[in-house]
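> Sequence:
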Amino acid sequence: MATTPDAAATPSLARQMQARLAERLAPTALEVIDESADHAGHAGANGTGFGTHFRVRIASPMFTGKARVARHRLVYDSLQEFIDQGVHALAIEIL
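Counted the way my numbering counts, the sequence shown spans residues 16 to 110.
Calculated from the structure, these hints are not laboratory results. Heads up, some of the hints might be wrong.
[Said to hold, decoys possible] Cut-off 25 Å, straight-line C-alpha distance, at most; resulting in silico cross-link-like pairs (DMTMM-like, lysine to aspartate or glutamate):
1) K81 x D92
2) K81 x E96
3) K81 x E108
4) K81 x E38
5) K81 x E46
Please read these numbers as outputs of a predicted model, since none were measured by experiment.
Hey, can you work out the whole structure from these sequences and the hints?
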């Protein structure tokens, strides 16, 4: 069963996600934004307004020559542990 991060853990969760992406994809630009409050009442929301819906803006040389789906798959694969722990949605913007 997936666990849901509490409000105190959320800034840390965004930082952890950012660190994981930095480690795995060596980005030249990276931003991880918690947009959970904008999704209150939606599927996957945990009622805290934190830790379920994120936007990732990223540029990486690892994306060069890859199709959009393959680029997104690299991001999803890098963050799978967080998804398994309760991150419900990722909006990915490849820069």
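> Taking the hints in turn, state whether each one holds.
Structure-based check of each hint:
| no. | hint | verdict |
| --- | --- | --- |
| 1 | K81 x D92 | holds (15 Å) |
| 2 | K81 x E96 | holds (23 Å) |
| 3 | K81 x E108 | holds (15 Å) |
| 4 | K81 x E38 | holds (19 Å) |
| 5 | K81 x E46 | holds (21 Å) |
The structure is consistent with each of the numbered hints, conforming to all of them.
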